[in-house]
Each structure stands twice: as C-alpha cells, then as structure tokens.
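Chemist: Sequence:
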Amino acid sequence: MLAWRDERGEYMDEGFVIMQIGNRELDELYDSAIAPAIEEAGLRPRRVDKHNRGGLLQSEIVEFIQDASIIVADLTNERPNCYLEVGYAMGVARASRMILTARADHKADRPGREVDSPKIHFDLAGYDILFWEADSLPAFKRKLVQRIQRRLNITLAEHLETATLAGPDDEGNAFARNHYRWVRAKQSKARGQLVEDGHEAFVEFTLVPIRHILSLGLPELLDAARTAQLSQFGFPIGTVFEHPEMRPYPDPEGIESQQRVKTGSRLFDYWALRRNGDFYSLRSLVEDLTDPSIVFFDETVRRAQMLLDYAARLYECIGLPQNESVAIELRYGSIGDRVLSSCSPARSLMRPYRIRSDSAHARLLEEWSSISSHIPELVTTLAGGILEQFDLFPLEKAVVKSLLIA
2 MLAWRDERGE YMDEGFVIMQ IGNRELDELY DSAIAPAIEE AGLRPRRVDK
52 HNRGGLLQSE IVEFIQDASI IVADLTNERP NCYLEVGYAM GVARASRMIL
102 TARADHKADR PGREVDSPKI HFDLAGYDIL FWEADSLPAF KRKLVQRIQR
152 RLNITLAEHL ETATLAGPDD EGNAFARNHY RWVRAKQSKA RGQLVEDGHE
202 AFVEFTLVPI RHILSLGLPE LLDAARTAQL SQFGFPIGTV FEHPEMRPYP
252 DPEGIESQQR VKTGSRLFDY WALRRNGDFY SLRSLVEDLT DPSIVFFDET
302 VRRAQMLLDY AARLYECIGL PQNESVAIEL RYGSIGDRVL SSCSPARSLM
352 RPYRIRSDSA HARLLEEWSS ISSHIPELVT TLAGGILEQF DLFPLEKAVV
402 KSLLIA
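Residue numbers for the sequence shown, in the working numbering: 2 to 407.
One should not assume that every hint holds.
[Unchecked claim] Under the rule of at most 16 Å between Cα atoms (straight-line distance), these lysine to aspartate or glutamate pairs were calculated in the EDC-like manner:
1) Lys190 x Asp224
2) Lys144 x Glu40
3) Lys142 x Asp28
4) Lys190 x Asp252
5) Lys402 x Asp299
6) Lys51 x Asp28
7) Lys144 x Asp124
8) Lys142 x Asp299
9) Lys51 x Glu41
10) Lys120 x Asp106
11) Lys142 x Asp32
12) Lys144 x Glu257
13) Lys190 x Glu257
14) Lys142 x Glu41
15) Lys190 x Glu201
16) Lys51 x Glu64
17) Lys142 x Glu40
18) Lys108 x Asp124
19) Lys120 x Glu134
20) Lys398 x Glu368
21) Lys120 x Asp110
22) Lys108 x Glu134
23) Lys120 x Glu79
24) Lys190 x Glu254
25) Lys402 x Glu378
26) Lys144 x Glu134
27) Lys398 x Asp299
28) Lys51 x Glu29
29) Lys51 x Asp32
30) Lys108 x Glu79
If you are wondering where the hints come from, they were derived from the structure by calculation, not from laboratory data. What you are looking at is a predicted structure, and each value in this text was computed from that prediction instead of being measured.
Hey, can you work out the whole structure from these sequences and the hints?
Modeler: Below is the structure:
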C-alpha cells in the first residue's frame with residue numbers, strides 16, 4: 002500500500018497522475034493545475050517520475066493505480082504508455098476513480114481540426130473528458146477540483162463499508178486502518194465501562210470526515226467542542242461540563258468525557274473527539290429508566306436530528322472545508338426483542354413493532370455544510386433506517402416533521 006503519512010503519522014490518500022513525461026508544456030500543466038487541484042481536494046499528488054522509489058517502473062505504476070483514490074490521466078499527445086495505463090486501470094475496476102483530461106485541440110469534433118492532428122482515440126472518445134487550454138489553466142484547475150471531489154464522493158460508500166467491515170489487521174485500505182483503530186478502541190473502552198456500570202442496551206453516535214485534512218491542538222479541540230454544544234435537546238451529545246471533576250480530559254489523540262448522571266437510576270454518557278475531527282459517543286438508553294423492553298420511536302427521530310445538528314455545528318467550529326463529506330452513523334446495541342413505543346401517549350402505536358436482531362444501525366454520507374438545509378430528509382433517512390428494522394415500521398415524513406425540534 003502506497004498511502005503516505007503526514008508529520009503526525011496519519012494515513013492519507015493519494016491522487017496518481019498519468020501523463021507524458023518530459024514535455025515542458027505538460028510539466029507546467031502538472032505543476033500549475035493538476036497537482037494543486039489534487040492537493041486542494043485533500044489528497045497527495047503522485048507522478049511516477051517524481052515519486053519512484055527505485056523499483057521496477059511498470060511495477061510501481063501498477064501499485065500506484067491500484068492504491069490511488071483518484072487517477073488523473075492526461076491523454077495529450079496520444080502517448081501509447083498513457084493509453085496502456087488507462088486501459089489497465091479500467092481492467093482492474095478503477096474507472097470510477099479516473100478522470101480523463103486532454104488539451105482542447107484534441108477534441109475529435111473540433112471545427113477546423115486537421116485530419117492528422119492529435120486527438121482522443123476512438124475507444125475513449127465517448128468518455129467525459131475535461132479539456133484544458135494553456136492560457137486558461139486556473140479555470141481548468143477549478144473544474145478539476147470539482148470533478149475530483151465528485152469522483153471521491155462516488156467511492157465514499159466503498160471506503161466507509163471497508164472501514165466498517167475491516168479487521169484491525171487489515172492492510173488493504175488506509176482509510177480502514179486509520180478509522181478502524183480509533184473508533185473500535187473507543188467502542189471497546191466505552192462498552193466495557195457501560196457494562197461495569199450495570200447497563201446493557203446502548204445507542205452510539207459516530208461522525209467521520211472522509212478525508213483526513215485536520216490536525217487540531219487540544220485547546221482548539223476543546224474550544225470547538227464547547228462551542229458546538231446543543232441547547233435544544235434535553236440530553237444532548239458532546240456536552241462539555243466545566244466542573245473540575247466533570248470536564249473533558251486529554252488522551253493521546255484528542256479529548257474525551259465520561260459522565261454518570263443520576264436520574265432515578267444512573268445514565269451513562271461517553272464521548273470522544275479526535276484531532277482530525279472523528280467523533281464517537283456512547284450512552285445508555287433513557288428508555289431503560291421506565292421500561293427496558295422498549296425503544297421510543299419518537300426519541301429515535303430526535304436522536305437522529307441531534308446527531309445531524311451536532312455534526313453541522315461541530316464541523317463549522319472545527320473549520321472543516323465545506324465540501325468535505327462526513328460519514329454519519331446511528332447504532333443501537335443489545336436491544337434484541339424490544340418493541341417500539343412512544344414518549345408521548347398521544348403518539349401511541351396501533352400494533353407492536355418488534356426487532357429480532359440484537360442491534361440496528363443506519364448510516365449516511367453527506368457534505369456537512371449541506372446538513373442544516375436538508376434536516377427533514379436526512380432525519381427520515383437516518384431514523385427510518387433504524388426503525389424499519391422493527392418489523393418494517395413505516396416512518397412517514399409528516400411524522401418526522403412533527404417531531405423535529407426547532
């Protein structure tokens with residue numbers, strides 16, 4: 002795996018560039034537009050002549066293609082090796098990660114084009130190719146950034162699923178290695194303490210920025226957590242207490258907090274925030290204070306809204322770029338054979354909806370800056386993904402809107 006580490010040792014994703022080597026015009030294209038666009042999208046640009054590690058050239062190209070999150074292939078000047086590498090990338094199912102570019106005079110249908118002038122070969126002529134002109138590289142760079150971000154979004158679900166299913170020894174994906182280790186470590190710690198405190202059932206909240214482009218100091222992290230706190234929920238996540246015995250405390254990769262709140266019987270609440278913006282929280286169920294055989298469907302809707310509202314506030318406070326997508330997950334555990342109920346007698350259900358499995362989870366991927374403007378739809382998706390696992394409970398949009406907290 003060729004994923005690289007930054008100065009903090011975090012794994013980062015790469016963008017591999019296929020193009021003619023040793024051409025002055027194309028070197029300028031790489032230095033002025035392609036490499037900066039890849040960096041702006043949160044990746045590290047790699048080109049085989051600049052980043053060869055001394056191995057066999059063709060073997061290293063194969064590794065770059067297999068491991069890159071994005072491949073930018075410039076077809077200018079009809080170089081056979083470039084077409085060969087593009088063909089290989091398509092053959093190993095990397096087409097969704099590939100962006101094709103070429104100089105504007107390579108358009109086969111360009112008016113006035115001479116028959117023998119360079120062109121895009123027939124096999125690739127039908128692809129969506131981004132063309133550039135030497136005197137308009139800044140405009141080309143902006144378009145390339147947008148296209149890279151769109152292509153990254155196509156692979157987000159694949160990355161998230163890999164991270165979710167990967168084991169701690171998985172070496173096949175930088176994203177999986179980085180996030181599995183931290184999230185699973187926090188899960189193990191929090192679940193163990195939950196059980197020690199006499200609880201079984203729990204709800205988890207997880208937020209993961211897809212690309213690692215942040216590394217905040219602990220004081221900055223604490224300030225962001227403090228500012229991101231929600232006030233409209235009775236039992237909000239990520240609460241920062243100021244009492245010396247209840248304040249968040251540092252750990253090697255960020256800050257974390259653990260509270261045991263007495264309300265009749267104890268409630269357990271744990272959260273952790275990582276330097277790169279990862280957030281994890283686990284808490285016992287308030288349902289268990291009244292009836293440990295139920296899950297409130299309306300409380301599930303509010304938990305989904307709370308997680309989404311918190312994500313929008315947190316990443317604004319942290320300063321995450323607005324086009325950054327965040328993996329958002331809501332998960333219940335140890336709830337086997339529970340039935341749905343309601344916090345309010347006015348919202349009683351006509352029949353019992355039961356869950357047969359021991360857990361239920363739902364996830365979505367969304368640019369954090371767009372969350373606030375799509376709360377009803379996102380809450381319906383996230384909460385509905387949980388509730389449908391209770392005998393296909395139908396969560397209607399009108400019900401969601403009636404439950405949303407302003």
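Chemist: With reference to the structure, classify each hint as holding or not holding.
Modeler: Hint-by-hint comparison with the structure:
1. Lys190 x Asp224: Violated. Lysine 190 to aspartate 224 sits at ~24 Å, over the 16 Å cutoff.
2. Lys144 x Glu40: 14 Å, holds
3. Lys142 x Asp28: 14 Å, holds
4. Lys190 x Asp252: 13 Å, holds
5. Lys402 x Asp299: It holds: about 11 Å lies between the C-alpha atoms, which stays within 16 Å.
6. Lys51 x Asp28: 11 Å, holds
7. Lys144 x Asp124: 24 Å, violated
8. Lys142 x Asp299: Violated, at roughly 47 Å.
9. Lys51 x Glu41: 19 Å, violated
10. Lys120 x Asp106: Given pair lysine 120, aspartate 106 holds - Cα atoms ~7 Å apart, limit 16 Å.
11. Lys142 x Asp32: 11 Å, holds
12. Lys144 x Glu257: 40 Å, violated
13. Lys190 x Glu257: 11 Å, holds
14. Lys142 x Glu41: Within the cut-off at roughly 10 Å; holds.
15. Lys190 x Glu201: The given pair, whose Cα atoms are some 14 Å apart, holds under the 16 Å limit.
16. Lys51 x Glu64: Holds: lysine 51 and glutamate 64 sit about 15 Å apart, inside 16 Å.
17. Lys142 x Glu40: It holds: about 11 Å lies between the C-alpha atoms, which stays within 16 Å.
18. Lys108 x Asp124: 13 Å, holds
19. Lys120 x Glu134: 14 Å, holds
20. Lys398 x Glu368: 22 Å, violated
21. Lys120 x Asp110: 9 Å, holds
22. Lys108 x Glu134: This hinted pair holds, its Cα atoms lying about 12 Å apart.
23. Lys120 x Glu79: 7 Å, holds
24. Lys190 x Glu254: Given that 16 Å is the threshold and the Cα spacing comes to 14 Å, the pair holds.
25. Lys402 x Glu378: Between lysine 402 and glutamate 378 the Cα gap is close to 9 Å, so the pair holds against 16 Å.
26. Lys144 x Glu134: Measuring from Cα to Cα gives roughly 13 Å; hence the hint holds.
27. Lys398 x Asp299: This hinted pair holds, its Cα atoms lying about 13 Å apart.
28. Lys51 x Glu29: Satisfied, since the Cα-Cα distance of roughly 14 Å is no more than 16 Å.
29. Lys51 x Asp32: 12 Å, holds
30. Lys108 x Glu79: 12 Å, holds
In summary, the structure is inconsistent with hints 1, 7, 8, 9, 12, 20 from the numbered list given earlier, while agreeing with the others.
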